[in-house]
Amino acid sequence: MSMKLSALAEKLGLEYTGADREISGVNTLEKAGPDDLSFLVNPKYLPQLEITKAGCVLTSGSYAEKVPCALVSANVYMDLARVVDVFARPQGCLTGIHELAFIHPDAQVDPSATVHPFAFVGAGAVIGAETVLFAGVYVGEETVIGSKCILYPNCVVMGGLTVGDRVILQPGAVLGGDGYGYAQTPLGHMKIPQIGTVSIEDDVEVGSNTAIDRAALDVTRVRRGTKIDNLVQVGHNVDIGENCLIIGQTGIGGSTVIGNGVVLAGQTGVPDNVKIGDGAMVAAQSGILSDVEPGSRMAGSPAINAKDYFRAVGVCTPKLPELFKRVKKLEKELAALLAAGGASDE
Amino acid sequence: MSMKLSALAEKLGLEYTGADREISGVNTLEKAGPDDLSFLVNPKYLPQLEITKAGCVLTSGSYAEKVPCALVSANVYMDLARVVDVFARPQGCLTGIHELAFIHPDAQVDPSATVHPFAFVGAGAVIGAETVLFAGVYVGEETVIGSKCILYPNCVVMGGLTVGDRVILQPGAVLGGDGYGYAQTPLGHMKIPQIGTVSIEDDVEVGSNTAIDRAALDVTRVRRGTKIDNLVQVGHNVDIGENCLIIGQTGIGGSTVIGNGVVLAGQTGVPDNVKIGDGAMVAAQSGILSDVEPGSRMAGSPAINAKDYFRAVGVCTPKLPELFKRVKKLEKELAALLAAGGASDE
Amino acid sequence: MSMKLSALAEKLGLEYTGADREISGVNTLEKAGPDDLSFLVNPKYLPQLEITKAGCVLTSGSYAEKVPCALVSANVYMDLARVVDVFARPQGCLTGIHELAFIHPDAQVDPSATVHPFAFVGAGAVIGAETVLFAGVYVGEETVIGSKCILYPNCVVMGGLTVGDRVILQPGAVLGGDGYGYAQTPLGHMKIPQIGTVSIEDDVEVGSNTAIDRAALDVTRVRRGTKIDNLVQVGHNVDIGENCLIIGQTGIGGSTVIGNGVVLAGQTGVPDNVKIGDGAMVAAQSGILSDVEPGSRMAGSPAINAKDYFRAVGVCTPKLPELFKRVKKLEKELAALLAAGGASDE
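Chains as they are written, first to last, in the UniProt record's numbering: chain F, 1 to 346; chain W, 1 to 346; chain G, 1 to 346.
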């Protein structure tokens with residue numbers, strides 16, 4: 001894949017500076033060669049502009065004049081996504097429906113879909129147009145998958161679920177495993193069968209080996225545009241809003257409701273039955289204990305306001321040994337003073 | 001599936017109030033319709049009793065009179081499990097042993113078992129009566145799986161393991177991957193082959209993408225009735241007692257021994273070689289450092305007694321910036337006093 | 001499998017004490033029988049030497065005289081690895097390339113490799129000599145896997161990756177899922193296609209259900225001899241050095257660089273874009289915030305020097321409620337003194 005810079009600029013509706021040239025790929029400032037386009041957003045990397053061998057640099061107007069050839073953008077990350085998309089080659093080396101796939105006679109697979117060997121499509125399942133099921137994917141009975149989805153190898157979508165359009169499931173992601181629900185009885189933990197479902201809306205992405213449980217009753221929901229990273233757990237009956245970022249190894253307990261545009265950083269824990277308001281941002285490794293107001297910034301375990309947390313735990317906690325010494329010194333001095341004062345009272 | 005309330009009540013040995021009616025499903029108070037049964041345990045949801053459209057509510061005697069039609073229970077969660085079980089439809093759309101499964105000629109698969117396409121059963125493996133192996137399941141050589149087990153898609157049970165009766169493995173669960181054992185040598189980390197096994201006893205459930213390692217030597221054991229959630233790690237040679245609840249993303253280090261009835265809440269970390277006594281409960285995100293007494297309540301990282309933890313970290317830590325100010329004020333005042341006193345000594 | 005102790009000793013180049021005998025396995029001091037070899041490293045287990053039924057004990061010279069029959073070693077763990085290797089039987093019950101595997105006509109699979117049913121090898125992929133692909137393994141197009149590798153069931157190695165020799169991937173491990181990269185746009189999070197790759201060098205091991213993401217551009221790298229445990233997340237463009245130990249459920253953010261010989265204990269979190277110096281060791285559940293110097297010992301979240309952490313958080317934090325009381329007492333006493341002093345000033 002290779003194209004003229006002028007053609008690329010036209011395709012994306014961007015201006016460029018410098019001479020036209022052939023562009024055959026995208027790479028970092030450090031690794032790019034004369035046929036590659038690179039990019040600059042973070043001023044931290046400005047020194048690399050001096051030494052990069054990149055044929056052209058995608059950057060904002062202010063930096064464009066620092067290089068002989070620039071593709072000028074008002075939103076570099078967004079245009080980077082668009083540029084890379086031009087050069088990206090999708091994964092996979094087969095088309096059509098492979099004879100080693102299992103497709104139940106009562107399933108409906110769109111003729112434009114791709115189904116790799118060892119994929120399984122159950123009775124009554126529906127697979128939309130241009131959707132790709134890689135090897136080892138399981139789609140259970142009555143599950144409906146929209147169009148232009150990609151289900152990477154060994155994903156599991158259990159029966160009775162709904163998946164929107166343009167949804168991407170990374171390898172090993174599991175949707176619709178049973179929620180964790182047991183009744184305590186004198187004979188031990190009795191399983192409460194999990195008869196609810198999971199609904200994944202349009203443009204959601206789910207990371208490798210992430211697990212999203214089916215509801216006990218009703219539905220576990222991930223709304224439009226939310227991106228979930230690897231190894232995340234989403235409990236039964238959770239409702240995650242639109243355009244959230246749920247980062248690696250985060251766990252979300254049952255029946256919790258998460259608003260729109262929420263960011264949960266890596267390894268965060270959210271318990272059962274709380275509400276996280278729209279636009280809240282939670283720092284990595286936080287442990288939420290109760291409802292979080294919209295727009296909050298939270299950190300710590302148990303999580304509190306992030307500023308307070310970094311002051312209390314980041315600044316003060318390491319100084320505790322010294323504080324204990326200071327208090328001891330105060331106690332001694334005051335005791336001495338009181339003893340002296342006591343003496344003088346006599 | 002639909003049945004008379006009277007028939008349902010009789011089947012479960014429960015009384016009902018109000019007129020008999022047809023029940024065709026179970027749902028939440030909020031979502032249930034006139035043909036559904038719903039339930040109430042938590043008084044927090046009492047207001048929903050006023051507005052629910054549920055045809056009948058499963059609840060305890062004290063709340064039963066608040067609705068026109070109640071199914072009366074002394075243990076609502078337990079009877080909810082039993083009611084839902086009546087209406088639950090098991091996952092899966094095939095029966096029998098599918099021709100696209102691989103079953104080694106030396107394996108023994110009970111004729112009442114179900115084996116889906118792309119499941120693998122190794123040499124000498126035994127699959128018990130009415131057990132279901134979904135697509136992509138791997139059962140290694142010489143592994144013995146009991147009766148009425150469900151192995152959901154893409155579970156892996158490596159060779160030489162033992163799995164009891166009525167065990168449920170959610171999708172992507174891995175039993176018997178190698179434990180993490182290396183000898184430090186001048187040439188780097190040398191793998192210690194892991195030649196032990198895993199034993200999963202009756203009525204255990206293992207969550208999606210959870211990993212339970214085989215022992216170095218000897219056996220990693222999960223005892224009867226224990227329920228393990230998603231994305232949990234159980235290290236080699238661990239011994240987990242009966243009826244424990246091991247909640248999502250918890251990690252348990254090698255050779256640790258966990259008693260009966262222990263609860264480890266989400267994202268807890270337990271190190272190698274410790275003992276957790278019977279009935280201990282550990283709060284979410286705790287980091288255990290050493291042995292835990294039976295019946296303890298632990299929290300924090302490092303974990304201490306839960307009450308002490310919430311007082312120290314939950315209450316005091318956020319007030320540290322203020323405490324530092326108070327100590328500074330004391331120091332100033334005392335210094336001034338001493339200076340004055342010193343002066344008066346002259 | 002069974003052999004004379006004399007033959008075993010000769011094979012390993014070790015001396016033994018006591019009478020020659022038949023050895024047929026390896027087990028713990030507690031479980032070993034008269035035909036088993038056991039081992040002792042930790043003096044904590046010395047009392048078990050008195051009661052073990054092991055036919056022979058692998059141990060260092062100082063303990064060897066305490067048992068009637070010893071295999072004497074200067075590095076017991078290393079020789080244990082070597083002994084166990086003699087008795088270990090590799091997993092798997094098939095040889096050759098199974099007819100139910102899918103191998104693309106343009107792939108190259110070494111004739112000495114083993115490919116189980118339902119394994120998938122894409123176009124242009126290369127599988128080296130004596131490498132074993134278990135059932136359900138996916139190897140994407142153009143991916144190159146070296147020799148003597150073991151890919152356990154349901155591992156996924158996406159297209160375009162490079163895997164060295166003697167690499168072991170435990171069940172469900174995923175290499176080359178997309179990194180987590182999105183551009184923020186007025187229309188929501190726009191996916192930045194991840195067109196980089198993953199390189200796994202020789203002698204690396206990757207645990208069950210661990211996920212190592214492909215780079216956005218360029219490469220995510222795990223260098224020679226590094227051992228990664230279960231359920232670990234490695235973000236895009238991470239570079240992990242040689243001979244590291246990355247323990248269960250640790251998460252490493254994008255573009256982070258980890259030196260050689262680093263140890264990250266369980267459930268550690270490392271953010272994007274930091275550097276961890278050679279030989280650094282990080283305690284379990286730590287949350288790294290910024291660069292870590294070579295040879296450091298870190299602990300806590302946010303992580304600080306481990307000694308300081310255990311003093312501040314391990315020792316001082318639990319005493320905070322008492323400290324608050326002491327400060328309050330000081331305040332009262334000083335206020336009383338000042339009041340009295342104030343009075344005396346009149």
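A few of these clues could be false.
One copy or any two copies: either way a pair holds, since identical chains are not told apart in the list.
What the hints assert, rightly or not - Okay, derived cross-link-like pairs now, EDC-like style, lysine to aspartate or glutamate, Cα gap no bigger than 20 Å in a straight line:
{"hint": "1", "residue 1": "K4", "residue 2": "E22"}
{"hint": "2", "residue 1": "K328", "residue 2": "E141"}
{"hint": "3", "residue 1": "K332", "residue 2": "E322"}
{"hint": "4", "residue 1": "K44", "residue 2": "D272"}
{"hint": "5", "residue 1": "K148", "residue 2": "D35"}
Source of the hints: derived by calculation from the structure; they are not laboratory data.
Keep in mind that this is a model prediction, so the values were computed, not measured.
Going through the hints against the structure:
Within a single copy, K4 and E22 get their C-alpha atoms as close as 4 Å, which meets the 20 Å cut-off; across copies the closest is 70 Å, which misses it. Taking the shortest alpha-carbon separations for K328 and E141, neither the intra-copy value of 69 Å nor the inter-copy value of 66 Å comes in at or below 20 Å. Taking CA atoms no more than 20 Å apart as the test, K332 paired with E322 passes in both settings, with 15 Å inside one copy and 17 Å between copies. For the homomeric pair K44 and D272, the shortest alpha-carbon distance between copies (15 Å) is at most 20 Å, but the shortest distance inside one copy (41 Å) is not.
Taking the closest pair of Cα atoms, K148 and D35 never come within 20 Å of each other, the shortest separation being 31 Å inside a single copy and 37 Å across copies.
Hint compliance for this structure: hints 2, 5 are not met, and every other hint is.
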